Amino acid sequence: MPVDPSTVRTPAELAVALSEVKAACGLSLNDIRRRADDFVQRSVPHAVPLPRSTVGDICSGESLPSPETLRMFLIVCGVAEDTIDGWMAARVQALSKIGPVSGSERVRTADPRNLGVHRSIQVDLGAEGLPVYVPRDIDAELRTAVTAAQGRGGFVLVKGSSSVGKTRALFEAVKAVCPDWWLLHPADVAAVRGFADTPVPRTVVWLDKLDPYLTQLGRAGVPAGAMRALLAAKLLVVATLWPDEYIPRIALPTPGQDDMYAEDRELLGLARIIEVEHTFSDDERRRAESLAADDPRLRIALDTSGADVGVTQVLAAGPDLIRWWENADVTDARQCCGKAVITAALDARRLGATAPLTRDFLIAAAPAYLSNTQQATAPPNWADQAIGYATTKLHGATSCLTPVAAGMGQIVGYLTADYLHQHARQLRSTEWLPDLVWQALVDHHDDGEDALRVADSAEWQAAPRYAELLYQRHADVPYAVWRLKNLLAGQGRIDEAIDTLQQAEDAGHGSAARWLSYLLFQEGRFDKLRQRADAGDKYAARRLTSPLPSQGPLDDLFDMPRQHARSETIAAAQRLIASLTDLDHTEDGLPNGQ
Numbered sequence: 021m022p023v024d025p026s027t028v029r030t031p032a033e034l035a036v037a038l039s040e041v042k043a044a045c046g047l048s049l050n051d052i053r054r055r056a057d058d059f060v061q062r063s064v065p066h067a068v069p070l071p072r073s074t075v076g077d078i079c080s081g082e083s084l085p086s087p088e089t090l091r092m093f094l095i096v097c098g099v100a101e102d103t104i105d106g107w108m109a110a111r112v113q114a115l116s117k118i119g120p121v122s123g124s125e126r127v128r129t130a131d132p133r134n135l136g137v138h139r140s141i142q143v144d145l146g147a148e149g150l151p152v153y154v155p156r157d158i159d160a161e162l163r164t165a166v167t168a169a170q171g172r173g174g175f176v177l178v179k180g181s182s183s184v185g186k187t188r189a190l191f192e193a194v195k196a197v198c199p200d201w202w203l204l205h206p207a208d209v210a211a212v213r214g215f216a217d218t219p220v221p222r223t224v225v226w227l228d229k230l231d232p233y234l235t236q237l238g239r240a241g242v243p244a245g246a247m248r249a250l251l252a253a254k255l256l257v258v259a260t261l262w263p264d265e266y267i268p269r270i271a272l273p274t275p276g277q278d279d280m281y282a283e284d285r286e287l288l289g290l291a292r293i294i295e296v297e298h299t300f301s302d303d304e305r306r307r308a309e310s311l312a313a314d315d316p317r318l319r320i321a322l323d324t325s326g327a328d329v330g331v332t333q334v335l336a337a338g339p340d341l342i343r344w345w346e347n348a349d350v351t352d353a354r355q356c357c358g359k360a361v362i363t364a365a366l367d368a369r370r371l372g373a374t375a376p377l378t379r380d381f382l383i384a385a386a387p388a389y390l391s392n393t394q395q396a397t398a399p400p401n402w403a404d405q406a407i408g409y410a411t412t413k414l415h416g417a418t419s420c421l422t423p424v425a426a427g428m429g430q431i432v433g434y435l436t437a438d439y440l441h442q443h444a445r446q447l448r449s450t451e452w453l454p455d456l457v458w459q460a461l462v463d464h465h466d467d468g469e470d471a472l473r474v475a476d477s478a479e480w481q482a483a484p485r486y487a488e489l490l491y492q493r494h495a496d497v498p499y500a501v502w503r504l505k506n507l508l509a510g511q512g513r514i515d516e517a518i519d520t521l522q523q524a525e526d527a528g529h530g531s532a533a534r535w536l537s538y539l540l541f542q543e544g545r546f547d548k549l550r551q552r553a554d555a556g557d558k559y560a561a562r563r564l565t566s567p568l569p570s571q572g573p574l575d576d577l578f579d580m581p582r583q584h585a586r587s588e589t590i591a592a593a594q595r596l597i598a599s600l601t602d603l604d605h606t607e608d609g610l611p612n613g614q
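Residue numbers (the numbering used here): 21 to 614.
If you are wondering where the hints come from, they were derived from the structure by calculation, not from laboratory data. Among the clues, some could well be false.
[As the list claims (entries may be wrong)] Derived CB-CB ranges, DEER-like:
1) Arg493 / Arg445: 24 to 30 Å
2) Ile293 / Glu125: 43 to 49 Å
3) Asn506 / Asp349: 41 to 47 Å
4) Trp452 / Pro498: 26 to 32 Å
5) Asp105 / Ser310: 32 to 38 Å
6) Glu82 / Arg445: 43 to 49 Å
7) Pro155 / Thr30: 53 to 59 Å
8) Gln542 / Asp349: 55 to 61 Å
9) Arg239 / Ser26: 34 to 40 Å
10) Leu447 / Arg493: 26 to 32 Å
11) Arg248 / Ala160: 25 to 31 Å
[Unchecked claim] In silico EDC-like links for lysine to aspartate or glutamate, alpha-carbon gap of 16 Å or less:
12) Lys254 / Glu82
13) Lys413 / Asp438
14) Lys229 / Asp438
15) Lys548 / Asp519
16) Lys195 / Glu125
Small disclaimer: the values here were computed from a predicted structure and weren't measured. Note that the Cβ used here is the ideal one computed from N, Cα and C, for glycine as well.
Turn these sequences into a full structure, and let the hints guide you.
Given below as C-alpha cells:
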C-alpha cells in the first residue's frame, strides 16, 4: 500500500514516511544514487544528484530535503507522479514545525539591507529598493559552495574590498539555494559560541564583516572549535572579509613573538574562500548593460564607473562620498567644519577607534583640522552644521558619517562609511595625529577594545603620553598591563614598571608575576628576585637558575641560596650548570647528582 503523505505533520514523521518509501521500492542507497546520476546524465528536466549521505540524512531525519531533492527521490523510488504535489505539501508542513532560534528569520523574508547590503543611489524618488542584481562571475562557484555546505555543513567566506558587491552576491546565493532555512545574524562572539553549543538544524549563520568576530586586542574571537561544532551540526556559515583584515591573520608569526592570531588562522583555514574583484569584468559589464534599460541607477553606474571605480562602488555612492569630503568649500563654515569632523572620524578609525564616535569627541577633535581664521569665524552653531554636513545622505544612499541609535531619538555616536574609510586609510597612512585629537580620544572615546588599539597606535606615532594614559585606564586587562610595562621600561622608568606589575599581581593578574620576575632578572635586581623566591614565587626561583643577562653581576648570582636551585627540576639545574660552564665557573655549580 502506498505511503500517504497527508499524514505527515512533523520533520520526524516526514523522515519515517520517506524511509518507508525507500523500503517499499527495494532500492539500496547506491541504487538510488546511480539512478539519479543516470537522470542527470540524460539531462532530464529538474534532475539532481542524490548522494548516499543525502538520502541517508533525509530518511533518518538528520536533514529536511530541498524541493528538488525530494522530487528526485520520489521519482527514483517510483512514486506516482500525481502524488508528488502531496509530498511537497507534506514537506512544507514539516518545515513549519522546526522551531527557530531567537532572533532568526527565514532566508526568504530577510531584508538584505539589515544584513549589510549597501543602500543604493537614488535616481527616482520611488526607487528605494535594491538595484536589479547583475550576475557576477563568481556566482557559479559561490552557489556550488553554498549548495555543498547545505548538504554537509560548511563555511563560505567571500573576500574583497569595500563596496565591491560581496554581501549582495552572498545574499543572492543563499536566497537561491536555501530560501526556507533559518537565518541568524549573531550580535557578537558570545552569541556565536552560545549558538554553537545548542545549534538549530537548517540554519544559516550570517557573519557579514567577519572581523568583529575575530581576535581583537584584549579579546578572543570565535574559537575554531565553535566553528567546527557549527559545521558538525551541518549548518551553513557565511561571511565576508576585507583583504587587509584577512592577510595579517593567516600570516605566520615572527619567530619569538606571540602568535596572536593562531585561533583566527585555524578558523579561517576551515573556510571555502571566494574572491570578488574590485571592478566588473567585461562579461559582468555586458550583463549589466542588458539589465540597465530597466534600472536607471544601473545605467548611471555603468556610465560613471571606470578602471579605478567599479559599478558597485558607484551604486553605493562611494566616489561621491570622497568628493563630499575632499572637495568641501573651505570658505564655507558649514562645509569646512563638516570636513574637519569627517577627517577627525576617519583618522580615529584608521588608528583603531572602530566603535561609534561620540558627538563630544567630534566637537573636541575638529578644531585640529581648522585654521585659526576658520576657527575664529565659525558661527555659534558650527558643531550642528558640521555634523549635519557630515551626515548628509548622497543620492539617498549613504553618508560620510552615519548616526548610530541609542533608543528613540537618541544617538550614541557616528560611524564612518566603509568605502571612505578604505580610501582615507591609504591616503592618510603617513599622517600624524594632532595632539588635540589624541586628547579627544582619551577624554571622549571609552570603548575598551578600541582604547587598546588606539594606545598601540599612539606608541607607533610617537605619542607615548597618550598611550600611557589609555593603558593605565584599562589596567584591568592583562594586555594593557604588559604594554604599559614595556612602555615604562623602554623609557628607563624601571621602578614604575615594577610598581605596575606588582599592582597587577595584587589585583589577581595571573601573568604579572612571570613578567615581573623577567623584568627584575633583565634589570639585574637580584636582591628583589631573591626576596620573591624566598616568599615562594616559582617564577623568581626559575629566573635565578636562568642563563645570566649580560648586565647581571656574577657575585649576586653565586651568592644566591642554593635551595632555590635544588627545589627546581633537573632541567632548571641543568640550565644553571650550562650558564656557569659558559663563564668558567663550574666549581660554583650544584653538587654532583643534584
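Right, here's what the structure says about each hint:
1. Range check, Arg493 to Arg445: about 26 Å between beta-carbon atoms, so the 24 to 30 Å window is met.
2. Ile293 and Glu125 have their C-beta atoms about 27 Å apart, which leaves the hinted 43 to 49 Å range violated.
3. Roughly 46 Å separates the CB atoms of Asn506 and Asp349, a value that falls within the hinted 41 to 47 Å.
4. Range check, Trp452 to Pro498: Cβ separation about 29 Å, and the 26 to 32 Å hint holds.
5. Under the hint 32 to 38 Å, the C-beta atoms of Asp105 and Ser310, about 35 Å apart, fit the expected range.
6. Between Glu82 and Arg445, the C-beta spacing of about 46 Å keeps the proposed range 43 to 49 Å intact.
7. Checked against the hint of 53 to 59 Å, the C-beta distance between Pro155 and Thr30 comes to roughly 38 Å, which is inconsistent with it.
8. Our hint of 55 to 61 Å for Gln542 and Asp349 holds, since their Cβ atoms are close to 57 Å apart.
9. At roughly 53 Å, the beta carbons of Arg239 and Ser26 sit outside the given window of 34 to 40 Å.
10. Roughly 31 Å separates the CB atoms of Leu447 and Arg493, a value that falls within the hinted 26 to 32 Å.
11. Taken as a hint, the range 25 to 31 Å holds for the pair Arg248 and Ala160, whose Cβ atoms sit roughly 28 Å apart.
12. A hinted pair counts as satisfied when its Cα atoms are at most 16 Å apart, and Lys254 with Glu82 qualifies at roughly 9 Å.
13. For the suggested pair Lys413 and Asp438, the alpha carbons sit about 14 Å apart, so the restraint of at most 16 Å is met.
14. Between Lys229 and Asp438, the direct Cα distance comes to roughly 11 Å. Compliance with the 16 Å bound is thereby established for this hinted pair.
15. Taking the CA atoms of Lys548 and Asp519, the gap is near 13 Å; set against the 16 Å cutoff, the hint holds.
16. Taking the CA atoms of Lys195 and Glu125, the gap is about 12 Å. The hint holds against a cut of 16 Å.
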